[in-house]
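So the sequence lines, in the order shown, correspond to chains Y and P. Sequential numbering of the first sequence, starting at 0, is according to numbering that gives the first Met the number 0. Sequential numbering of the second sequence, starting at 0, is according to numbering that gives the first Met the number 0.
Bear in mind the hints are in silico, worked out from the structure with no lab data behind them. Since this is a predicted model, take the numbers as computed values, not measurements. Don't take each hint at face value.
Stated by the list, open to error - Pairs of lysine to any residue residues, derived as SDA-like cross-links and limited to a Cα-Cα distance of at most 20 Å, are as follows:
| hint | chain 1 | residue 1 | chain 2 | residue 2 |
| --- | --- | --- | --- | --- |
| 1 | Y | LYS273 | P | ALA132 |
| 2 | Y | LYS45 | P | THR103 |
| 3 | Y | LYS262 | P | GLY131 |
| 4 | Y | LYS380 | P | ARG55 |
| 5 | Y | LYS262 | P | HIS134 |
| 6 | Y | LYS262 | P | PRO126 |
| 7 | Y | LYS406 | P | ARG266 |
| 8 | Y | LYS45 | P | VAL117 |
| 9 | Y | LYS262 | P | ARG55 |
| 10 | Y | LYS184 | P | ASP263 |
| 11 | Y | LYS262 | P | ASP265 |
| 12 | Y | LYS368 | Y | LYS262 |
| 13 | Y | LYS380 | P | VAL133 |
| 14 | Y | LYS184 | P | LEU74 |
| 15 | Y | LYS193 | P | ARG266 |
| 16 | Y | LYS45 | P | ASN112 |
| 17 | Y | LYS380 | P | PRO262 |
| 18 | Y | LYS117 | Y | PRO138 |
| 19 | Y | LYS406 | P | HIS134 |
| 20 | Y | LYS45 | P | ILE115 |
| 21 | Y | LYS45 | P | VAL116 |
| 22 | Y | LYS262 | P | GLY119 |
| 23 | Y | LYS333 | Y | ALA181 |
| 24 | Y | LYS273 | P | ARG130 |
| 25 | Y | LYS164 | Y | GLN136 |
| 26 | Y | LYS193 | P | GLY119 |
| 27 | Y | LYS273 | P | VAL116 |
| 28 | Y | LYS193 | P | PRO262 |
| 29 | Y | LYS406 | P | VAL117 |
| 30 | Y | LYS273 | P | ALA264 |
| 31 | Y | LYS406 | P | LEU160 |
| 32 | Y | LYS273 | P | SER127 |
What the hints assert, rightly or not - Computed footprint of chain Y on chain P, listed as stretches where at least three residues anywhere in the stretch have a Cβ under 8 Å from a Cβ of chain Y:
| hint | stretch |
| --- | --- |
| 33 | 2-9 |
| 34 | 35-41 |
| 35 | 269-276 |
By construction, the Cβ of each residue, glycine as well, lies at the ideal position given by its N, Cα and C atoms.
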Amino acid sequence: MNRLKGIFLLASSAVLIAGAALAADDTVKIGWVGPLSPPGGYSAGKEMKWATQLAVEEENKAGGILGKQIEVVYEDTKGTPDQGTAAMEKLVNSDKVAAVVGEFHSSVALAEIAVAHKYGIPWIGTDVWADSITAKQYPEVFRVSPANSLIYSIVGNWVVESGFKNVAIMQEATDYGVGAVAVLKGILDQKGIKSNVITVQMSQQDFTPELLRLMNVNPRPDLLMMIIAGEAVYPIIKQACEQGFAPSKDTAIYSGGGPSLEKELWETTGDCAKYLISEDVALPTAQWNDVAKSFSANFQKQFDRPPTGTAMESYDDMKIVAQAIRDAGSTDPKAIIQALEKIKYKGTRGDYGFSTESSPAWAFHQFMKAPIMLIQYDQVKQSPDQAPILYPRDWATSKDIVMKPEK
Amino acid sequence: MASYLLLQAANGVVVGLIYALAAAGLTLIFSVLKVVNFGHGTLYMLGGYAAFYAIRLLGLPPALAVVAAMIALFLFGIAFERLFLTPLYTDKVERKDEYAIIVTFGLFMLLENAAIVVFGPFNRSAPSFVRGAVHLGVLAITYDRLIAAGAAIVLLVLLSLFMTRTMIGRVLDAVSQSREAAAIVGIDARRYYAVAFGIGAALAGGAGALIGPIFTLTPTMGDLPSVKAFIIIVLGGMGSVPGSIIGGVLIGVVEAIGVAIYPDADRALAYSSAFSALLLVFMLLVRPTGLFGRRHMRME
């Protein structure tokens, strides 16, 4: 009897293993990395995952790639580099993915690309801005979002052209925050614009002591900038408004990094976000192509919220990888990388292609035409695509380069 | 300069009182059950969301929603104690301290991640108690903050009265001083553990509900207040409710003044928690039992 049991168990195991192996051959596996739980930016991660799911649904409905359905393996990197490394090791060695897309935190991305480079697996960053990610010039690494140098040179030029003289910058002490401020300060220092950098803890909720301190200095800053990707921006906006500091006729307020584009901005700040300035990595609505319009409508329908630029990046990222695998005609990593280098893809954010220039260093495998614009809310509960565009001026829908409240 | 520091201190007092409320719950749980509740921050978070959904789904006014949240967390606390902590009082568990840490830490992990799934990852904000602000010079203190601080004072005073003027409160106080001595006079401490945990949870939930209109609601909103609560109860003295009040106010003021006067203005805000930690270190060196702690207190 025991022998029979043993034989039965062995046979069942063999069938299961064979079945799993067969099932694995039926799909093309792509890895997805991003924060889905604390301490990572899980709200952004959730939106990115939704957008990826939409992209995969569409691809699979259209027949998949290379005659197979796409199977995405989602790994929660929790916003910590060690989790990023662990996720990549699992995706590459255990799940045997053809490529990896995603990530929201630059610090985590830097850990992930080390693994991608070690194993030669293509990795395409979704919304990670630190220059160093592509500046390492790993052949496997590509990026669909802008780099800090691209974004903050535009933001810096806007600050200069708007005539601000005294800027207070609240930064998160991460690869993104520090890198962004370095680019921004470089421009401000060059133009003789005074700037003070204040480092914040992301978990903090009461910023009143710091805001009081800024209000007590003479002269008071005329622009308060937040280079913070997390939800710490919401209490800062609310408390700056409650204190009568910003937005006011004397001090404007800018938020970089994403949360200022979410609909929760209005729920958490009330009407304090009116006159908030933010950058957006999507194209102006007037320039949306059919892909952008279709994606936006589907996203709104499925998730009851308009997609942010981050969601668009995520959608395009997955579509680009799918296209690259199609162009390569195989899931061989080297072939996919070669296909990515030559790719021409029409996405929600315009026509994608990756630079192969090595100077500046961060330009390597960077989407150089990533759209960047500065918007300013002039109505309460306004969505980002409805907000007036301040900059670049050839896209501007506002006659003023910055709008200020009357008091 | 003096008026500027006073303004900073005023803001610190207001915020510190709310943290003191959460700390009072933690100190009560510790003093009676001798359990360090690592899940206390999540109780604070649950209170915030309970009030939010009481307003949104039941249409309760914000003030009543705070009461509803406290009742909900009281019942939750009792249920948690009965379900997961009763092995501590039997011989089934050998390493009781480690068991308590694992169970309460597990509570923290489970609830925080469950909150992301159930409440969603996006920030929320509860409606104001009363819109508007009082202006003290440059400082604007919103009515929400004043109401929250006032409510915290009322709740803490009620707690003190409960502990000194009611039979159950005196029993809890007796058990917190010494289980053995309480047993000698006929008090079965195990009968009151659930009440203590329930009250502690209710206080944490109340603090979270009061903070809802002031800051934002997120599944991780309890992480930093949890750390501050631990600092406060050690500073004020383990098991001392008046100590929690004084400790909370001290923390709030020290952090606010620290940010105001720290020479490197660019790093002052990032170091705000370090100022209270330094105060804690100083207190441990000078008076290890805290301001109002009991010398004989130890883990039984």
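For each hint, the structure was consulted:
no., hint, verdict
1, Y:LYS273 to P:ALA132, "19 Å, holds"
2, Y:LYS45 to P:THR103, "28 Å, violated"
3, Y:LYS262 to P:GLY131, "24 Å, violated"
4, Y:LYS380 to P:ARG55, "19 Å, holds"
5, Y:LYS262 to P:HIS134, "30 Å, violated"
6, Y:LYS262 to P:PRO126, "16 Å, holds"
7, Y:LYS406 to P:ARG266, "30 Å, violated"
8, Y:LYS45 to P:VAL117, "13 Å, holds"
9, Y:LYS262 to P:ARG55, "18 Å, holds"
10, Y:LYS184 to P:ASP263, "18 Å, holds"
11, Y:LYS262 to P:ASP265, "31 Å, violated"
12, Y:LYS368 to Y:LYS262, "27 Å, violated"
13, Y:LYS380 to P:VAL133, "26 Å, violated"
14, Y:LYS184 to P:LEU74, "53 Å, violated"
15, Y:LYS193 to P:ARG266, "17 Å, holds"
16, Y:LYS45 to P:ASN112, "14 Å, holds"
17, Y:LYS380 to P:PRO262, "40 Å, violated"
18, Y:LYS117 to Y:PRO138, "11 Å, holds"
19, Y:LYS406 to P:HIS134, "17 Å, holds"
20, Y:LYS45 to P:ILE115, "10 Å, holds"
21, Y:LYS45 to P:VAL116, "11 Å, holds"
22, Y:LYS262 to P:GLY119, "14 Å, holds"
23, Y:LYS333 to Y:ALA181, "35 Å, violated"
24, Y:LYS273 to P:ARG130, "17 Å, holds"
25, Y:LYS164 to Y:GLN136, "37 Å, violated"
26, Y:LYS193 to P:GLY119, "41 Å, violated"
27, Y:LYS273 to P:VAL116, "30 Å, violated"
28, Y:LYS193 to P:PRO262, "19 Å, holds"
29, Y:LYS406 to P:VAL117, "41 Å, violated"
30, Y:LYS273 to P:ALA264, "28 Å, violated"
31, Y:LYS406 to P:LEU160, "48 Å, violated"
32, Y:LYS273 to P:SER127, "18 Å, holds"
33, 2-9, "holds (count 3)"
34, 35-41, "violated (count 0)"
35, 269-276, "holds (count 3)"
Hint violations for this structure: numbers 2, 3, 5, 7, 11, 12, 13, 14, 17, 23, 25, 26, 27, 29, 30, 31, 34, all remaining hints satisfied.
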